[in-house]
Amino acid sequence: MTDTSITPTTQPGDWASDQEVRWCPGCGDYSILTAMRMLMPSLGTEPHNTVFVSGIGCAARFPYYMNSYGVHGIHGRAPAIATGLAMARPDLDVWVIGGDGDMLSIGGNHLIHALRRNVKIKVLLFNNQIYGLTKGQFSPTSEIGKVTKSSPMGSLDAPFNPLAVALGAEASFVARTHDMDRQHMMDTFRRAHEHDGAAFVEVFQNCNVFNDGAFEGVTKKQNRDANLIPLAHGEPIRFGADGEFGVIDESGCARVVHTADVSTDELLTHDETKHDPSTAFMLARLARGPFEPTPIGVFRAVRRSEYAMASTRQLAAAQQKQGAADIAQLLRSRGTWYV
Amino acid sequence: MTDTASRELPLQEIDEVIIRFAGDSGDGMQLTGDQFTSISAALGNDLSTLPEFPAEIRAPQGTLAGVSAFQVRISDFDITTPGDAPTVLVAMNPAALKAQLHNLAQGGALILNTDAFNDRNLEKAGYSSNPLDDGTLDDYRSYPVPMSQITRDAVAEHGVKPRDAERSKNFFALGLISWMYTRPVEPTLEFINTKFRGREQVINANTAAFKAGYNFGETAEIFEAHYEVKPAPLAPGEYTNVNGNTALAWGCVVAGQLARLPVFLGSYPITPASDILHEMSLKKNFGVRTFQAEDEIAAAASAVGAAFGGALAFTSTSGPGLALKGETLSLAVSLELPMVVLDIQRGGPSTGLPTKPEQADLMMAMYGRHSESPLPVVAPRSPADCFDIAIEASRIALKYRTPVIVLSDGYLANSSEPWLLPEVDELPDIGVDFATEFNGTNEDGDGIFLPYLRDPDTLARPWAIPGTPGLMHRVGGIEKEDGTGNISYEPENHQLMVDLRQAKIDGVDVPDVEVAGEADADLAVLGWGSTWGAIDAAAGRLRDDGHRVAHVHLRHLNPLPANLGDVLRRYRAVVCPEMNKGQLCDLVRAKYLIDVEHIGKIDGVPFTTGEVTAAVRKRLEELAGS
Chain A
4 MTDTSITPTT
14 QPGDWASDQE
24 VRWCPGCGDY
34 SILTAMRMLM
44 PSLGTEPHNT
54 VFVSGIGCAA
64 RFPYYMNSYG
74 VHGIHGRAPA
84 IATGLAMARP
94 DLDVWVIGGD
104 GDMLSIGGNH
114 LIHALRRNVK
124 IKVLLFNNQI
134 YGLTKGQFSP
144 TSEIGKVTKS
154 SPMGSLDAPF
164 NPLAVALGAE
174 ASFVARTHDM
184 DRQHMMDTFR
194 RAHEHDGAAF
204 VEVFQNCNVF
214 NDGAFEGVTK
224 KQNRDANLIP
234 LAHGEPIRFG
244 ADGEFGVIDE
254 SGCARVVHTA
264 DVSTDELLTH
274 DETKHDPSTA
284 FMLARLARGP
294 FEPTPIGVFR
304 AVRRSEYAMA
314 STRQLAAAQQ
324 KQGAADIAQL
334 LRSRGTWYV
Chain B
14 MTDTASRELP
24 LQEIDEVIIR
34 FAGDSGDGMQ
44 LTGDQFTSIS
54 AALGNDLSTL
64 PEFPAEIRAP
74 QGTLAGVSAF
84 QVRISDFDIT
94 TPGDAPTVLV
104 AMNPAALKAQ
114 LHNLAQGGAL
124 ILNTDAFNDR
134 NLEKAGYSSN
144 PLDDGTLDDY
154 RSYPVPMSQI
164 TRDAVAEHGV
174 KPRDAERSKN
184 FFALGLISWM
194 YTRPVEPTLE
204 FINTKFRGRE
214 QVINANTAAF
224 KAGYNFGETA
234 EIFEAHYEVK
244 PAPLAPGEYT
254 NVNGNTALAW
264 GCVVAGQLAR
274 LPVFLGSYPI
284 TPASDILHEM
294 SLKKNFGVRT
304 FQAEDEIAAA
314 ASAVGAAFGG
324 ALAFTSTSGP
334 GLALKGETLS
344 LAVSLELPMV
354 VLDIQRGGPS
364 TGLPTKPEQA
374 DLMMAMYGRH
384 SESPLPVVAP
394 RSPADCFDIA
404 IEASRIALKY
414 RTPVIVLSDG
424 YLANSSEPWL
434 LPEVDELPDI
444 GVDFATEFNG
454 TNEDGDGIFL
464 PYLRDPDTLA
474 RPWAIPGTPG
484 LMHRVGGIEK
494 EDGTGNISYE
504 PENHQLMVDL
514 RQAKIDGVDV
524 PDVEVAGEAD
534 ADLAVLGWGS
544 TWGAIDAAAG
554 RLRDDGHRVA
564 HVHLRHLNPL
574 PANLGDVLRR
584 YRAVVCPEMN
594 KGQLCDLVRA
604 KYLIDVEHIG
614 KIDGVPFTTG
624 EVTAAVRKRL
634 EELAGS
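Read top to bottom, the protein sequences are chains A and B.
The working numbering puts the first residue of the first sequence at 4, with every later residue one more than the last.
The working numbering puts the first residue of the second sequence at 14, with every later residue one more than the last.
So here's chain A without its partners, still in its complex pose (with noise of 0.2 Å):
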């Protein structure tokens, strides 16, 4: 999966910018930004040809904390800033980071329809399943039930699940990965650089003030064999200590069971290439939430034709049949007469 012809003419450090980084103590948000910096130096890419764009949220600070270009936007909106910015600059890396309620809830028509048209950004949605910035509020992906200040009896609720959004929006690359583990961060990432559209991997992210401990059922090390189930393409979906268990298609419905119940060949073979999302889709549900056994990894990774790259396409084959610019022309196009 690493790329090793890339020499890079970069290190961690260059990568971070002089800015003081000022989420709290402890925030999931440090190991992602920690990352994503030791990560670019071997993607082959220049800070100065990368831009990171976020709306609003505490995830929405990161770009500032990367010395590359940056465009802290306003809430919701990154992915359509970041849309129009690689149109016009197809040449460029542009990320988008966001948190839950940026992405799915205020800003959930724009990553919808990023996705679906498959320009090519790369979307990380910071989940910690809370509003953070704004102390503590319920977000699109809490639990029913969840209490917080503005659901003091309980959230009524149904979350979304950000997999099954991007899937069911026909997001061509779709991965999870979490806070606690950077090399699979990395990997996650770097998947989704190398994507030829619009990527989108949800990262879960611990908000140690607001929801501490959200996602300690399937990230906490000890946790991890039971309930992370490692997605790898073309290979048998198998997870715990000893590869005990595994993953079946029940009737359409992904089920988990143990691998000595079942034959081998009867488990789930992993293939992230499959244009039809229902296997994808199906393993995004496997889990009713972050306490039972959740996939990660890449669930999808399809071929579309990229958005950007397809507006320039059209530019050169119009240049082709009406001719190169000309303002003389365009005047006269719709007939003129002289006096």
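Worth double-checking, as some hints may not be accurate.
To be verified - Just a sample of chain A residues kept apart from chain B, beta carbon distances all over 12 Å, derived:
hint, residue
1, 29
2, 64
3, 80
4, 96
5, 155
6, 156
7, 184
8, 220
9, 243
10, 264
11, 282
12, 290
13, 315
Stated by the list, open to error - If the Cβ cut is set under 8 Å, some of the chain B residues that face chain A in the computed set are:
hint, residue
14, 247
15, 266
16, 297
17, 306
18, 310
19, 336
20, 339
21, 341
22, 479
23, 481
Claimed, not checked - Think about it this way: if two alpha-carbon atoms lie no more than 27 Å apart in a straight line, the pair counts; the simulated DSS-like pairs of lysine-lysine are:
hint, chain 1, residue 1, chain 2, residue 2
24, B, 604, B, 614
25, B, 208, A, 324
26, B, 631, B, 614
27, B, 208, B, 174
28, B, 594, B, 614
29, A, 324, B, 297
Hint data in this document are derived by calculation from the structure and do not stem from the laboratory.
C-beta atoms are modelled at their ideal positions from N, C-alpha and C, and glycine is treated no differently.
The hints should help you fit chain B onto chain A, whose structure is shown.
Frame of chain A; chain B shown alone:
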């Protein structure tokens, strides 16, 4: 032609005619009007057009809601409006007659498709008796013509199904009007051949219908004369006929060339602005990227992103869309990035009157964002001026790194006028330089880039685009420290930045306003945007009557021209016709403490020359009596 062909009707020369074609949405009235306009333009008449269509795409046939109309005024003198009242009304059915008759000038000519005046259509139009014979039309000159029947007969030999035959009747009407106003037939025959290329039957049917209409005028003994409108003394040169939306779209495309920047348009379809998106989408050979966004907010946000990337970015919309873009424009104000917003104003509030003009977004353009969020506002005064205003808005946006709002409206958008084409090499160079070098040093003496270090003259910040080595920087909506652009919550810094953002916009180089008419007139008519034509014509009429009237018209609304206060103070009275409840009046009163008097009209129909004339005359009489 029959033996009556030798009948010689007198040819009368007239200085102008205002024709309104009215029919069902599906009757092709816009096409008919457009073609009549084209022929007249080629003949050298001055002209002005005003299309009027229903908001519904296909309202039920034969109903008042489905009436579509096109007014064209042609003249042998210089005109600035499509005319107050048509002198000729072509009504293709009872609904068209009912909806439009009140517009027709007293004694005007009515050309009626009598075949459509059956019981069913009369009932749909809400007529309890037939207006053709109940005296309704006594004050007009009526010319009843069985258009449907003659058209059916004329196209019969071309094998057109009877059901389709009638679809050619708009060409019959065009033929008849072409005869009445002695327009040549060849351009229309060519037009039919081009427009319907590859559809032989349609070409034959429309050609036959057009000729039938022309011959009917010549042979049917119902017309007393036919008419001629001689060419107008327009400035010599090459002309084209444009409407405001086309001119605006071309202006945006050309602005990109003049700035040597790729053009980006983020837009969400909305009446009456959609044609800008359509037109610019056709200009991809100019490197124009158009993006049909998922909503108005994304349209504006994508433009912000493209501007950050170094494009000349536009977003086009109408009032409801501008409201949605407010927060994003506030971001653009804070990021200090160049972009241009095209607001084609329509009637409101809410959905309001989507196809009708209004000038009631001025306050929203000025102040419709949270907090102190100043930005320049400009407004075109005529369809052709839309081209220049797009370039001017782009120039300001680029020079000062600011979003600029252009306030056009549904009237300018769709009406057209002859446009003397500019010399391409005389168009302004509006290019600006991107930052490529460090512009400061840190405490160690190393070069650094300060994204908010301003140009001392313009107060514009440097525009460093991604891809430029060494100039990596972050911009955001949080208050920025002067110079570095780093996040800052310092009280003094916020005061400074608010003041700087305001000073930058206040300092935009806006030309002095020019006064049309006598400098020492008694009264000035102040206007902005699309009222220019009506005010100009009204002021002309009043001057002809011996009144001393000046016309002061604003293309720049923020900042206002530096001389405006001094200019307006010269007059005993200043009146301001606006299609709103007095928004420019309020701005000017607040800024200059000048008692500008509002002349309002918000009925979805542009001011007529007569309305402005009457209102101003009344005020002049009061002045004379005081």
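Hint check results:
1. 29: Given that every Cβ of chain B is farther than 12 Å from that of residue 29 (chain A), nearest at about 22 Å, it holds.
2. 64: 9 Å, violated
3. 80: Residue 80 (chain A) is in fact no farther than 12 Å from some Cβ atom of chain B, at 4 Å.
4. 96: 9 Å, violated
5. 155: Holds: least Cβ distance 30 Å, greater than 12 Å.
6. 156: Per Cβ check, residue 156 (chain A) is outside 12 Å of chain B; nearest 32 Å; holds.
7. 184: Label holds. Min Cβ-Cβ 28 Å, cutoff 12 Å.
8. 220: The assertion about residue 220 (chain A) holds, with a minimum of 35 Å to chain B.
9. 243: Correct as stated: the minimum Cβ-Cβ distance to chain B is 43 Å, above 12 Å.
10. 264: Given a closest Cβ separation of 47 Å, the condition holds.
11. 282: 28 Å, holds
12. 290: Per Cβ check, residue 290 (chain A) is outside 12 Å of chain B; nearest 30 Å; holds.
13. 315: Non-interface label fails for residue 315 (chain A): nearest chain B Cβ at 8 Å, not farther than 12 Å.
14. 247: This hint holds: residue 247 (chain B) lies near chain A, its Cβ roughly 5 Å from the closest one there, short of 8 Å.
15. 266: Given a least distance of 7 Å, the restraint on residue 266 (chain B) holds.
16. 297: 4 Å, holds
17. 306: 7 Å, holds
18. 310: 6 Å, holds
19. 336: 15 Å, violated
20. 339: 11 Å, violated
21. 341: 7 Å, holds
22. 479: 4 Å, holds
23. 481: Interface hint status for residue 481 (chain B): holds (6 Å vs cutoff 8 Å).
24. B:604 - B:614: OK: residue 604 (chain B) and residue 614 (chain B) at ~23 Å, within 27 Å.
25. B:208 - A:324: Holds, at about 20 Å.
26. B:631 - B:614: Distance of about 16 Å is within 27 Å: holds.
27. B:208 - B:174: 21 Å, holds
28. B:594 - B:614: 8 Å, holds
29. A:324 - B:297: Holds, because 10 Å separates the two Cα atoms, which is no more than 27 Å.
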